[in-house]
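Enquirer: Mind assembling these two chains? They're in different frames, but the hints should get you there.
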Amino acid sequence: MTTNSPTILEAREVSRHYPQGRRRLTVLNKVSLSLRAGESLAVVGPSGSGKTTLLGLCAGLDLPDEGEISFGGNVLTGRSEEERATIRREQAGFIFQSFHLLPTLTALENAAVPGELLGWPDARDRAGKLLQEVGLGDRLNHYPSQLSGGEQQRVAVARALVNKPSVLFADEPTGNLDTKTGETIADLLFALNSSADTALILITHDEKLAARADRVLYLRNGEVQK
Amino acid sequence: MSFPSTNKDRTSLGQRIGWSLRMALRDTRAHPLRFLVAGLPVVLGIASLVAVESFRDNLEEAVERESRQLLGADLVLSARRVPDAELTAFLEEIPGEGAREVQFSSMLSIPDTGESRLVQVRAIEGGFPFYGEMETIPENAFKELPHNPQGALLEESLLLQFGLETGEALRIGDQELQVAGILRRAPGEAGALGMIAPRVYLSMELVESSGLLTTGSVARYRWSFRFPADPDPDEWVTANRSRIDQLQLETETVTERREGLEETFGLLGSFLHLVGFAALLLGAVGVGSAVRVQTEAKRDQMALLRCLGTRYSDARRTILWQILASGLGGALTGGAIGVGLQYLLPFLLGDFLPVRIEVSLAPAALAGGIGFGFLFTLLFALPPLLGLREVSPLETLRSGFSSNSRGDWRHRWPLGLAVGLVLGFAWWQIKEILPALLYTGGILFAVAFLALVARIFLFALRRAVPSRAPWVWRQATASLFRPRNQTTLVVTAIGLGTALLVLLFLVRENALGQIQAETGGDQANLAFFDIQPDQLEPLRELADREGFALLETAPIVTMRMRSLAGRPVNEWLERDDVPRWSLQREFRSTFREELTEKDEIVAGEWVGRVSPDEGIIPVSLEKGLAEDWGVGLGDRAVFDVQGVPLEVEITSLREVDWREMRPNFFFIFPAGVLEAAPRFYLTVVRAETTEDSARLQRAVTREFPTISILDLSLVLDTIRDIVNRVTFVIQFMAFFTVVTGLVLLFSVIGTERQQRMRETHLLRVLGASRGTIRKILLGEYVLLGTLSGATGVGIGIGAAYAIGRWVLDMPWTASAFFPLAAFGIVLLLTLLAGILAGTKDINKPPLPTLRNEGR
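Those sequence lines, one after another, are chains A and B. Quick note, the first sequence lines up with residues 1 to 226 if you use our numbering. Quick note, the second sequence lines up with residues 227 to 1081 if you use our numbering.
One chain only, chain B, in its complex shape (with noise of 0.2 Å):
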């Protein structure tokens, strides 16, 4: 100190640290909660860091704790075709034992009923799985099959569907076989995956023997290998690459699956993070404008002690003491909350996941979670306090005098702080740094969007509500604007919330109402395939018969690129650029004369029709894929059509709707040229009803067994199951943030509380009733709540339209009446909330508040 002191001050910094804490303390005995309950509005957005990241966690340990059993083998190599000799003897040489499979789609019917259902047939040979356990019911099921030549093991939801037992009788194809067991689950494969097509396993022999596979059936073939201590399989892969590739086989490790799912579920948690995310950012802003109200309550006190001479450190401590503990309750409750809710989420993703989770005490999630909010929290907590700095010692002097500090910029650096927080976890998120700034700009907007909309809103309420409307209207108005009202951030926060669930809700029901109006009108439903050519017409009959149209009837030969533009399809794929899949796949061409109206011409001319003599084929290619390789009218590709090369011209582009339920088709042939090849037919039909698509069904399995049928209604219920789960969790996270804006209202009340009472007994004095006041106090929360819904549902709806409209392509089919259930239950809310926190002092007698007043 720069001038002689008299030496009275005999603190040290620890004495000094301990003074603010007692402070601190003792303010908060008269109301231990009031502090904590600012702390409530991040615990929701805390809890889904937690929980997320826990499962993340979880998921991570599943996935090493089960590596091997993923592939249940240590190489798998698969091809979609019959094996020759050549791809024979290059199997013959991988290293270790092997196993072999075929799958392929056939129908399974129900001898009694005839009721049917595409399944997907697999047989093994060997010793597959090499690690794990084929889960059974019997246990032994799996391997007593090759045993059990008429057996068959089922997925446990055809034996639901179809009220099947053990034991009973059922056909596949046209095969009589009995049911030889239950699947409950196979290494490394998801519950869900066979949503669509269920699977079920015969034994190689009885697939072999009895035709279940015909010439032209679209199968693939696996061959699976547990390799010995040396080679590693990833290193033999990379060794043998160029004739994996020359022979077109597709290849999976169990380093390739393991980080293929690490992708995958990474996404999908990142995903839940960024949605999460928005609820705790919420939160965050709640918790600094409850720790604002808090701390300008606490201005009086502040000038009281820094006139006693009070250093401004300590002074601040005090009340920063309190803000850490607010800070600290709401992320343990959090951590808390966020340790339960890990155990919901395998349960709505479980079927969806190839490992089973064991949920467990992820201990670096939680704190991470735990650290991390409650440093963000901090961050929005802090400038409420820093601008305590500029209260004058003078302010208890003079009640009217205000060194009015609120807004000043210097306080605000923790926001700027809180914003780069936000970057880096979506960076961290997101591994790329642009799509995290697109996601921090985003959420800025959307807040910043939110707060203008509720802004230009109470406007328009101050307008709308003239000088003449009744007394208690008018009064319910101004309690919004009262000084330091937190009512924008409250119609904020809650809009954010319900914006997010009703474009989450309006989104996800036009997507389905598409696929719905797809399957609907005169669109076909039904898809028959795997008709071999001698069966198309007496198919054709059986449809008139039962009173049934064939509406697109088209022919398939599979063929297998062997190059393009001029280079073999094997340099193709050294190229990072173009998807693989889309090289290396069995292309399911077609070739017509006529083109359908569908098929929409947009670059070069269409050629109907060549003779069989020509040298280069003119065929039309899907643009999309043209696109992806970078090739366009001219260029040539040479095809592989089951062992006979054709060379091909592209010399139109078609555009095609890959959503439309019809035959589609990347490449189509002209006629003439590919009549004399392999080929089956596939054939699409409208049922009205279901049990008109089910008669048909019974009748074509009856008939032709071999003909395998896709009932498009399953697959829409099967596309909805999913959606609905998924997006289930999507909502689940959002109603984190509507949750956290009711929160918000809550701790803004209880903070309000003070100013309402002094008010509401003021009131009281002037001869205001206890009706009158309810009546006020309902108003005003029928006016926030009414702006809050509909300040979210508009922009849910706008932001679902620009979506549909600009994004996906989609009409509006969505109902209204979601987004009016989403407004009235928000009003709702709002409106229980205020009557739950607002009432309750009305009835106390108002004399003892006014005497306070000023003190």
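Okay, chain A solo, but in the shape it has when bound (with noise of 0.2 Å):
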């Protein structure tokens, strides 16, 4: 990552709200970041303090009720989630703590999903490739039910990057996993986003994991903490 390097992501004065009864909680208020291609960035703070719903908007999940988001070039606001969807599937990918793998497909079928989706016909090759890369080579034709939380969490890595992503959204990646596990995931994170060029918006409670990011922003009751 160089500082010339483009914007690839930018929410600019981000508020969420939820109506609870007659009031309106705030979950973000006024957030702004901006990531540039290749950099890392690491979301932290308690819970409840709105890092979920943050990543949320910058992947295009939801929408923000104030401010405006941009990513790749596009705004957000306004999309409908078809187009949303779109933008995810061409330049997105996402690690989630609970792993989300469909039980039904292998690990390299898994892996392979959003190169499908795209229409790749070396979708499974990529995912082959990827899942050498993350050590589970020999793993290809596991079921997610016969790989543990740590093989599973890698599967969930190398489908995270078989659409080359420009922005990697993962939402406390190691938080089912034990220490060492989690180290690892951590390690192979970290590697990826700086071998491929991709960018890495990582959530999470862990301040030592957050430290290996290039920046860190700390939020509370949904404000940034300078």
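A few of these clues could be false.
[Said to hold, decoys possible] With a Cα cut of at most 30 Å, we get these calculated DSSO-like pairs of lysine-lysine:
| hint | chain 1 | residue 1 | chain 2 | residue 2 |
| --- | --- | --- | --- | --- |
| 1 | A | K180 | A | K30 |
| 2 | A | K129 | B | K1001 |
| 3 | A | K129 | A | K164 |
| 4 | B | K1001 | B | K1070 |
| 5 | A | K164 | B | K1001 |
| 6 | A | K208 | A | K164 |
| 7 | A | K180 | A | K164 |
| 8 | B | K1070 | B | K524 |
| 9 | B | K234 | A | K164 |
[What the hints assert, rightly or not] Beyond 10 Å from chain A on every Cβ pair, some chain B residues (computed):
| hint | residue |
| --- | --- |
| 10 | R236 |
| 11 | E287 |
| 12 | I336 |
| 13 | A465 |
| 14 | Q472 |
| 15 | L534 |
| 16 | D540 |
| 17 | L620 |
| 18 | T622 |
| 19 | I659 |
| 20 | L738 |
| 21 | E800 |
| 22 | G869 |
| 23 | P931 |
| 24 | L1046 |
If you are wondering where the hints come from, they were derived from the structure by calculation, not from laboratory data. Quick reminder that beta carbons are idealized off the backbone N, C-alpha and C, glycines included.
Expert: This is the structure in structure tokens:
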């Protein structure tokens, strides 16, 4: 990553409120951030600080009530869910705390899904190579139920990178793993982040993990802590 | 796309369809049968659709094939009077070859044992049947009959009843005869035709020379014709209609017979269809709910795919393929079973059919049934799928986040379409919109009512199990209310089938019970008729000697109507709103001075006696017929009493209960006018036991061979047999709905399995023993079976009571045994289904399920 890299994701003064009875609960209040290609950003904060909401907004899974988000040069605000899905399909990768692999698909098939969605004829080959890279070359045809937690998360990492995303969204990627496995996954994430020139937004409780990112954003009660 | 895309997406529609198909296949790989099982509930509904429709096709083919044999001739004319010169002259004008036939009732008795039975004697002269064959054993027995003056051709049932064999002696009236052969089938006649009075063919020469056919006996004369190529029989009848009516002849052509037949069996088919359709509807609701459970389970997958940027249409398509597969699987299996069932219907109904059904594959019926069933099922399966549109990708990030889309009316449009389809189907079957609307409304009401009753019972159950009840029972009750449970649906489905079965059974029992009651107690159960005036006193003496009393004796004078309310009968016949038979029939009227206590006058006054020279005779008419004709007090009619015109005026109307086994009449004349007319008598007797009845019948047949006897217990047996066969077919279809309910239960148990397994394993981890879990499971199905059984039996009894009380006007005679037995069977079957499907996971170790939690 260099300071000359283009801005790939930008949130300007983004707010999100939820109705709670008659009152309005503000989950995010005028949060701004920007991310350049290949950069990594950790978002940390206590439970309920709005981390996951911010991730959802940045990835186009939800729309802000106020403010504007642009992703890969496209303003997300005002886009339909179907249009946002196209942006995600082409430019985003996801890693979740609870892995979210499709239980009826093998490791290889799971990892190939985003490539298949783009109609890439080499989706399976790419998925196979990525699984080799994450150390699962001998587990290609295993179903999620036959894999350990760490192995499942590695499949998820491969899946997140198969469509060559410009931004990787990781929501507590090590939250369900023991310390050692968690570290392995984190190593993997940062290594791939820098080698693939993919920006990374990492949501975590773990200060140690956050410290490995280029920048850290602290959230508390929906606001950025300076 | 309105924004700059990276052009990474290179998919074509074909590729995307291919991808969704691949995903669907991958998804079913682990549980290949799961989605097929979802289609099971419609199997029997579609099977019945295919079976009934194929049967109808086969019947139509048979009618087409045996078209001319349906009548054995091109035209048949018939009358209930001895032909006079005018009629004979008319018959001689009819083109082509002719044959004549006479039919009348007489007693057949066995000289050795004295056993007897009322039979219908027939004698034919001429080449009838012109088309088709009389099937007999030996083969030429019918053709040989004219050369065998003592020979009688008997229906098979008579030979079986009396243990007779060819060549053995029998007696008809006072004629000694021999069995010349067995009649298997006459062209165009159903096997069950002779159940009350089996057919016996004699030679015309014998009938005419023997005096079997005495004056006053009620005989029917038939003339059949084979027409030359021209004229067409139907055109000939139209051209000669006024003379035919004037001669009071009844006509039948092949076209008329065919239309009548198609109408009758069309109606039967429609009725069976409508009963079977209930099973299809129930099944489709079941598939819909199974699909709902399965799509609910796929919400996570949907949310993830959306998160990864899958188009909504592509994500939905992956599930649509599976739904299509389950619907198609159910429809094809149903079609296959339907083809099998098609063989059963002719077997059950064959005796009532005048044609021989050759069962063959009916491709149109098969394709139609499968296609319709598939489409119908799809409409019920679509709403849950459409509900997935609302699934937000955010559900992937937040497990508690639920974009609740269930119950959104915008996804229910296929159900509206399905209701439209039900209406269309009913309309197509019934051919009239109002009854079709009633059927559709009725079926929706029945389902809604059952669901309501099920909900009330469930609510009551929840209240009835107190918090202090044993833990196992509380847990079993709670299982029925687990989130997204299908309890109401299962109770409704099993309940509907049970209610139908119980209703049909109770109505049948009540109807038969009433007939039984009418022949029990002090009611007459033997009727003697064709009694000549000079035989009446000796018969009374004979009955006295044997210890019987003639309960009610009535003279009968036959007459035909010439005009009514100032207009000739011919004019009346042109009207469509008056039943033809009621004007063309031969009236058998009686005369008496005093009315019996059963003759209830509802309007006007009864006049008991008139002088023989009275110009216009005051008569009493049955109220129902007066309503059919639209006539009342003061209206006049002219009768032809065996050649003598007689003018009458309606001075009173009577209510007649036709179900009572006693001499009932449309017209009752006063004493003083008909005494001189040729007449015969009818009387009824009560025999306490079968032996008494047989003894009296033997004595009467021996002494008065020309008196005919109708044994009402035999009639009752016959009616019971017919009712049983017909209700069996209907109950068979109704049973489909019960089985559909059970299949549904299986499928629901299957789809709730994951949830149940988690609960079971959690309980195991918390320390519950396998025994305790088994008890909870048993408790759950005992409750479910009790609810379903109680709902079905309760509604069945209620509906049977309502029908008996307000529609059929019958007292309640059915026993409580069947409803209780039905309840027990439903409970047992539900329990069995539950145990079979539910207990297999108890023994699995709990950890793997819990480890997969949340993944």
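Enquirer: Indicate, hint by hint, whether the structure satisfies it.
Expert: Cross-check of the supplied hints:
1. A:K180 with A:K30: violated, 37 Å
2. A:K129 with B:K1001: Not OK: K129 of chain A and K1001 of chain B at ~52 Å, beyond 30 Å, violated.
3. A:K129 with A:K164: Given pair K129 of chain A, K164 of chain A holds - Cα atoms ~13 Å apart, limit 30 Å.
4. B:K1001 with B:K1070: Holds: K1001 of chain B and K1070 of chain B sit about 17 Å apart, inside 30 Å.
5. A:K164 with B:K1001: Violated - the C-alpha atoms of K1001 of chain B and K164 of chain A are around 55 Å apart, more than 30 Å.
6. A:K208 with A:K164: Holds, at roughly 27 Å.
7. A:K180 with A:K164: holds, 27 Å
8. B:K1070 with B:K524: Distance of about 24 Å is within 30 Å: holds.
9. B:K234 with A:K164: holds, 9 Å
10. R236: violated, 4 Å
11. E287: holds, 48 Å
12. I336: It holds; I336 of chain B is separated from chain A by about 77 Å at its closest Cβ, greater than 10 Å.
13. A465: holds, 74 Å
14. Q472: About 81 Å separates Q472 of chain B from the closest Cβ of chain A, which puts it past 10 Å; holds.
15. L534: violated, 5 Å
16. D540: About 7 Å separates D540 of chain B from the closest Cβ of chain A, which leaves it inside 10 Å; violated.
17. L620: Non-interface label fails for L620 of chain B: nearest chain A Cβ at 5 Å, not farther than 10 Å.
18. T622: violated, 6 Å
19. I659: holds, 43 Å
20. L738: holds, 57 Å
21. E800: The assertion about E800 of chain B holds, with a minimum of 70 Å to chain A.
22. G869: Holds, since 91 Å exceeds 10 Å.
23. P931: P931 of chain B clear of chain A: closest Cβ-Cβ about 84 Å, beyond 10 Å.
24. L1046: Nearest chain A Cβ is 47 Å from L1046 of chain B, so the label holds.
Going through the hint list in order, the structure does not satisfy hints 1, 2, 5, 10, 15, 16, 17, 18.
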